[in-house]
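S.K.: Read off the chains here:
There are 2 protein chains.
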Amino acid sequence: VPTIQEAVERKLERITGAPTVVIGAGRTDAGVHATGQVINFRTEGTIPTERVCTALNSLPPYSIVARDAREVDPAFHARFDATSRSYRYVILRGEPSPFLRRYAWRVTDPLDVAAMREAAAQLIGRHDFAAFCAAGAEVQSTVREIYRLSIVERRRLLWIDVTADGFLHSMVRIIVGTLVEIASGTRSAEAMTAIRESRDRRAAGATAPPHGLYLTRVTYGAKRP
Amino acid sequence: VPTIQEAVERKLERITGAPTVVIGAGRTDAGVHATGQVINFRTEGTIPTERVCTALNSLPPYSIVARDAREVDPAFHARFDATSRSYRYVILRGEPSPFLRRYAWRVTDPLDVAAMREAAAQLIGRHDFAAFCAAGAEVQSTVREIYRLSIVERRRLLWIDVTADGFLHSMVRIIVGTLVEIASGTRSAEAMTAIRESRDRRAAGATAPPHGLYLTRVTYGAKRP
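Chains as they are written, first to last, in the working numbering: chain A, 1 to 225; chain B, 1 to 225.
In short, the hints are calculated from the structure, not lab data.
This structure is a prediction, so every number in the text was calculated from the model and none was measured.
Be a bit skeptical, because a hint or two may be false.
Unchecked claim - Derived, one-sided and incomplete: chain B residues facing chain A with beta-carbon distance under 7 Å:
| no. | residue |
| --- | --- |
| 1 | S58 |
| 2 | V65 |
| 3 | A69 |
| 4 | G94 |
| 5 | S198 |
As the list claims (entries may be wrong) - Have a look at the derived ranges for each label pair, beta carbon to beta carbon:
| no. | chain 1 | residue 1 | chain 2 | residue 2 | range |
| --- | --- | --- | --- | --- | --- |
| 6 | A | T46 | B | P98 | 25 to 33 Å |
| 7 | A | R126 | B | E6 | 28 to 36 Å |
| 8 | B | F41 | A | R79 | 49 to 57 Å |
| 9 | A | R126 | B | A206 | 54 to 62 Å |
| 10 | B | E6 | A | D112 | 39 to 47 Å |
| 11 | B | T108 | A | R102 | 53 to 61 Å |
| 12 | B | A206 | A | L100 | 27 to 35 Å |
| 13 | A | L100 | B | T142 | 32 to 40 Å |
Backbone N, C-alpha and C define an ideal beta-carbon position, used for all residues, glycine too.
Isolated chain A (complex conformation) (with noise of 0.2 Å):
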């Protein structure tokens, strides 16, 4: 199976005629969904910009959805220039649905939506989030910025929307399996701060699984979103 960046480069070397690199804005694991991914490659094919969408849905696989293609400055870089990027998490709560077992992560405990939303609020701020970031990532600083955190119920589901300037690896999944752990109740709302001014991933919850998160919406230029 290939990764969405291969398939993606594949499509455009048949679109273009030449082998083409894309550059993707926020990294998706495996079973992780996106509704606003943003990438950026350099061709000199010939297709106007304005079919390229058209194009490249036209060819498999069809699970990958171009939405938007506009040419841009040649310095423009997906990943670096990004000011903000926002992910989903979706929660479904209650009896198991077969439409969204790949969509979702289904959660049988009864959740205190309340709680979760105080323990959240604890993240929100420029913070070091060492304990919600993967054992053995490898990254320079693990300081963010977290813009927006919020907690919609909408019927059976929730949905946990996080907005930060970046994001550590398993940022959001970490932070959502310890949500889930306080909701019910294995531990309190309180616990929050104390887990991340601990900086350790072993004070964290369990990492959420990945059909549940969606990389919604990435931004460009003014530096809040």
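Mind docking chain B on chain A? Use the hints.
M.R.: Just chain B, lined up with the frame of chain A:
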């Protein structure tokens, strides 16, 4: 690939310890979904009724989910005793969605929903629906009563909800195919009555693809839902 019926029968054989025959209320051709299918089976197995769903859902394939189980009169027959069935057909307008690729029929032509409703109204009631029956289907009578045929717009989705005392083979999909031809301007809304009265399959539109169709509800008892 086993049918859904075969897959459920295999699950039941594991749970009850004996080969078990399943009777389903409504046909779901390959690609068609069901959110409200009803089945019945007889067993001498000793599993308590309240544990049947959990047991079924603990076995693969997980794309089949049991939502409720009840002990019924030994004479109950899921198909013959049904007094109405409801199907929903889902149309996705505009750009493709990787998430709905197998769950909605994508139509790119602009659709005149008012014309669609005007045409749909001409099908409500007790009529001979032979024009909307797959060629070659062998049935005693092609007369059915449509109790309800409503069209709901929900952002980019169109939901076509049909309730009838029974359905002919591919009836909903042929009705939807005809409605889409009317909504896209290929035919006029007024033509629907003549199409119905022709009792000729060739007069109706193309059969809409299976993956937009859902069996949503089966009712028993009261003659009208």
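S.K.: Each hint should be assessed against the structure and marked as holding or not.
M.R.: Here is what the structure says about each hint:
The beta carbon of S58 of chain B is not positioned within 7 Å of any beta carbon in chain A (closest approach about 10 Å), and the interface hint is therefore violated. Taking 7 Å as the C-beta contact cut-off toward chain A, the hint placing V65 of chain B at the interface holds, the least distance being around 5 Å. The restraint placing A69 of chain B at the interface with chain A is violated, with a minimum CB-CB distance near 13 Å, outside the 7 Å limit. A distance limit of 7 Å between C-beta atoms decides the matter here; for G94 of chain B the minimum to chain A is near 10 Å, and the interface restraint is violated.
Restraint check, S198 of chain B versus chain A: the minimum CB separation of about 37 Å is more than 7 Å; hint violated. Between T46 of chain A and P98 of chain B the C-beta distance comes to about 28 Å, which sits within the given range of 25 to 33 Å. Between R126 of chain A and E6 of chain B the Cβ separation comes to about 57 Å, which falls outside the hinted range of 28 to 36 Å. Taken as a hint, the range 49 to 57 Å holds for the pair F41 of chain B and R79 of chain A, whose Cβ atoms sit roughly 55 Å apart.
At about 58 Å, the CB distance of R126 of chain A to A206 of chain B agrees with the hint of 54 to 62 Å. Evaluation of the 39 to 47 Å hint for E6 of chain B and D112 of chain A yields a pass: the beta carbon distance comes to about 42 Å. For the pair T108 of chain B and R102 of chain A, the beta carbons lie near 26 Å from each other, so the given range of 53 to 61 Å is not met. Separated by about 31 Å at the C-beta atoms, A206 of chain B and L100 of chain A satisfy the suggested range of 27 to 35 Å.
Hint check: L100 of chain A to T142 of chain B, Cβ distance near 38 Å, so the stated range 32 to 40 Å holds.
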